[in-house]
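Asks: The primary structure of each chain is shown beneath.
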Amino acid sequence: AQTVTQSQPEMSVQEAETVTLSCTYDTSESDYYLFWYKQPPSRQMILVIRQEAYKQQNATENRFSVNFQKAAKSFSLKISDSQLGDAAMYFCACSYNNNDMRFGAGTRLTVKP
Amino acid sequence: DVKVTQSSRYLVKRTGEKVFLECVQDMDHENMFWYRQDPGLGLRLIYFSYDVKMKEKGDIPEGYSVSREKKERFSLILESASTNQTSMYLCASSLYATGREKLFFGSGTQLSVL
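Just so you know, the protein sequences line up as chains A and B, in that order.
Numbered according to our numbering, the first sequence spans residues 1 to 113.
Numbered according to our numbering, the second sequence spans residues 114 to 227.
Hint data in this document are derived by calculation from the structure and do not stem from the laboratory.
These figures come from a predicted structure and were not determined experimentally.
Cβ coordinates follow ideal geometry from the N, Cα and C atoms, glycine included.
Some hints could be false.
[To be verified] The calculated label-pair distances, taken between Cβ atoms and stated as ranges, are:
1. A:Asp81 with B:Ser178: 41 to 49 Å
2. A:Gln69 with B:Lys166: 25 to 33 Å
3. B:Ser178 with A:Glu29: 24 to 32 Å
4. A:Met11 with B:Thr118: 29 to 37 Å
[To be verified] Okay, derived cross-link-like pairs now, DSBU-like style, lysine-lysine, Cα gap no bigger than 35 Å in a straight line:
5. B:Lys215 with B:Lys131
6. B:Lys215 with A:Lys112
7. B:Lys168 with A:Lys73
8. B:Lys116 with A:Lys55
9. B:Lys183 with A:Lys73
10. B:Lys183 with B:Lys215
11. A:Lys70 with B:Lys215
12. B:Lys126 with A:Lys73
13. B:Lys170 with A:Lys70
14. B:Lys166 with A:Lys78
15. B:Lys166 with B:Lys184
16. B:Lys126 with B:Lys215
17. B:Lys116 with A:Lys78
18. B:Lys170 with A:Lys55
19. B:Lys166 with B:Lys183
20. B:Lys183 with A:Lys112
21. B:Lys131 with A:Lys73
22. B:Lys131 with B:Lys170
23. B:Lys131 with B:Lys166
24. B:Lys116 with B:Lys184
25. A:Lys55 with B:Lys184
26. B:Lys183 with A:Lys70
27. B:Lys215 with A:Lys55
28. B:Lys170 with B:Lys215
29. A:Lys112 with A:Lys78
30. A:Lys55 with B:Lys168
31. B:Lys168 with A:Lys70
[As the list claims (entries may be wrong)] Heads up, incomplete: computed chain A residues facing chain B, CB under 8 Å, no partners named:
32. Arg43
33. Gln44
34. Tyr54
35. Glu61
Work out the full structure, taking the sequences as your base and the hints as a guide.
Replies: Next up, the structure:
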């Protein structure tokens, strides 16, 4: 099974600035998937970005991008031009099969106006 | 978009009560999941179901059971609620069981057991 570690319980960023959330993982699988999920105060988690481990190119979704370092088993999330609506809990996750998804402990992001 | 609905947003129960948490999804998804979310621990899988009447244990199934009589509905049952089951419970669904599938989540049920 996978293990996922998020070492930053809380992060803060000024509006319009850039912030990077860290995530490391461990898995014995060679083919796996990595995710960042966002949980706003409404509590409904939504997918932010997804990365296939076999792809070398880092995934991007508008202001969100990842830095995927496969050898280092690192998967950080960069949020550019931070907005007040980005304030949320962010969870990193790793899966091999859908029923084997593992989540990190989460990072609470505060965005200051 | 997929809608996953959890029947209660907040629930307060007494120790020893039998508790039912209900979850319904409206997109004909094969797979449904129950997670428990605790501060500092992230999400932990309790049970999942890949088909009607099929279920498999996750990482922390003790003290819980599940029921999936219809494809769209997945229920989590606390047979005899205890204070250490006070937590946020999240239901999720996905179309396929491959690792790349994203999960669609409900808004969670905050359960307090007194």
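Asks: A separate judgement is required for each hint: does it hold in the structure or not?
Replies: Here is how each hint holds up against the structure:
Take A:Asp81 and B:Ser178: their Cβ atoms lie about 47 Å apart, and the range 41 to 49 Å holds. For A:Gln69 and B:Lys166, the Cβ-Cβ distance of about 43 Å falls outside the hinted range of 25 to 33 Å, so the restraint is violated. Separated by about 30 Å at the C-beta atoms, B:Ser178 and A:Glu29 satisfy the suggested range of 24 to 32 Å. For A:Met11 and B:Thr118, the Cβ-Cβ distance of about 31 Å falls inside the hinted range of 29 to 37 Å, so the restraint holds.
Restraint check: the Cα-Cα separation between B:Lys215 and B:Lys131 comes to about 32 Å, which is no more than 35 Å; the hinted pair holds. The straight-line distance between the Cα atoms of B:Lys215 and A:Lys112 is roughly 30 Å, inside the 35 Å bound, and the hint therefore holds. Only pairs whose Cα atoms come within 35 Å are accepted, and B:Lys168 paired with A:Lys73 is accepted, the gap being roughly 31 Å. Restraint check for B:Lys116 and A:Lys55: satisfied, since their Cα atoms lie roughly 30 Å apart, inside the 35 Å limit.
Distance restraint check for B:Lys183 and A:Lys73: the Cα-Cα separation of roughly 40 Å exceeds the 35 Å cut-off, and the hinted pair is therefore not satisfied. In summary, the hint linking B:Lys183 to B:Lys215 is supported, as the alpha carbons are separated by about 22 Å, within the 35 Å threshold. Proposed proximity of A:Lys70 and B:Lys215 is supported: the alpha carbons are some 21 Å apart, at most 35 Å. Pair hint B:Lys126 plus A:Lys73 does not hold up; C-alpha atoms about 42 Å apart against a cutoff of 35 Å.
Simply put, B:Lys170 and A:Lys70 have alpha-carbon atoms about 30 Å apart, close enough for the 35 Å limit, and the pair holds. Our distance criterion of 35 Å between C-alpha atoms is broken by B:Lys166 and A:Lys78, whose separation comes to about 41 Å. This hinted pair checks out: B:Lys166 and B:Lys184 have alpha carbons roughly 9 Å apart, not beyond 35 Å. For a cut-off of 35 Å, the pair hint linking B:Lys126 to B:Lys215 stands: about 32 Å separates their Cα positions.
Under the criterion of a C-alpha separation no larger than 35 Å, the hint pairing B:Lys116 with A:Lys78 is consistent with the structure, at around 28 Å. Pair hint B:Lys170 plus A:Lys55 holds up; C-alpha atoms about 31 Å apart against a cutoff of 35 Å. Simply put, B:Lys166 and B:Lys183 have alpha-carbon atoms about 8 Å apart, close enough for the 35 Å limit, and the pair holds. Restraint check for B:Lys183 and A:Lys112: the C-alpha separation of about 46 Å exceeds 35 Å, so the hint is violated.
Note on B:Lys131 and A:Lys73: the hinted pairing is violated, with a Cα-Cα distance of about 42 Å set against a maximum of 35 Å. Annotation: proposed proximity of B:Lys131 to B:Lys170 holds, straight-line Cα distance about 20 Å (limit 35 Å). Between B:Lys131 and B:Lys166 the alpha-carbon distance is near 21 Å, which keeps this suggested pair within the 35 Å criterion. For the hint pairing B:Lys116 with B:Lys184, the CA-to-CA distance comes to about 14 Å; that is within 35 Å, so the pair holds.
With a C-alpha separation of about 34 Å, the suggested pair A:Lys55 and B:Lys184 falls inside the 35 Å cut-off, and the hint holds. With a C-alpha separation of about 40 Å, the suggested pair B:Lys183 and A:Lys70 falls outside the 35 Å cut-off, and the hint is violated. Simply put, B:Lys215 and A:Lys55 have alpha-carbon atoms about 17 Å apart, close enough for the 35 Å limit, and the pair holds. Using a Cα cut-off of 35 Å, the hinted pair B:Lys170 and B:Lys215 holds, with the two alpha carbons roughly 20 Å apart.
Simply put, A:Lys112 and A:Lys78 have alpha-carbon atoms about 17 Å apart, close enough for the 35 Å limit, and the pair holds. Between A:Lys55 and B:Lys168, the direct Cα distance comes to roughly 32 Å. Compliance with the 35 Å bound is thereby established for this hinted pair. Proposed proximity of B:Lys168 and A:Lys70 is supported: the alpha carbons are some 33 Å apart, at most 35 Å. Interface restraint check for A:Arg43: the shortest CB-CB distance to chain B comes to about 4 Å, inside 8 Å, so the restraint holds.
Because the closest C-beta pair between A:Gln44 and chain B is about 5 Å apart, less than 8 Å, the hint holds. Because the closest C-beta pair between A:Tyr54 and chain B is about 10 Å apart, greater than 8 Å, the hint is violated. Of the supplied interface hints, the one on A:Glu61 is violated, with its beta-carbon coming no nearer than about 12 Å to a beta-carbon of chain B, more than 8 Å.
In the structure shown, a violation is registered for the earlier hints numbered 2, 9, 12, 14, 20, 21, 26, 34, 35, in ascending order.
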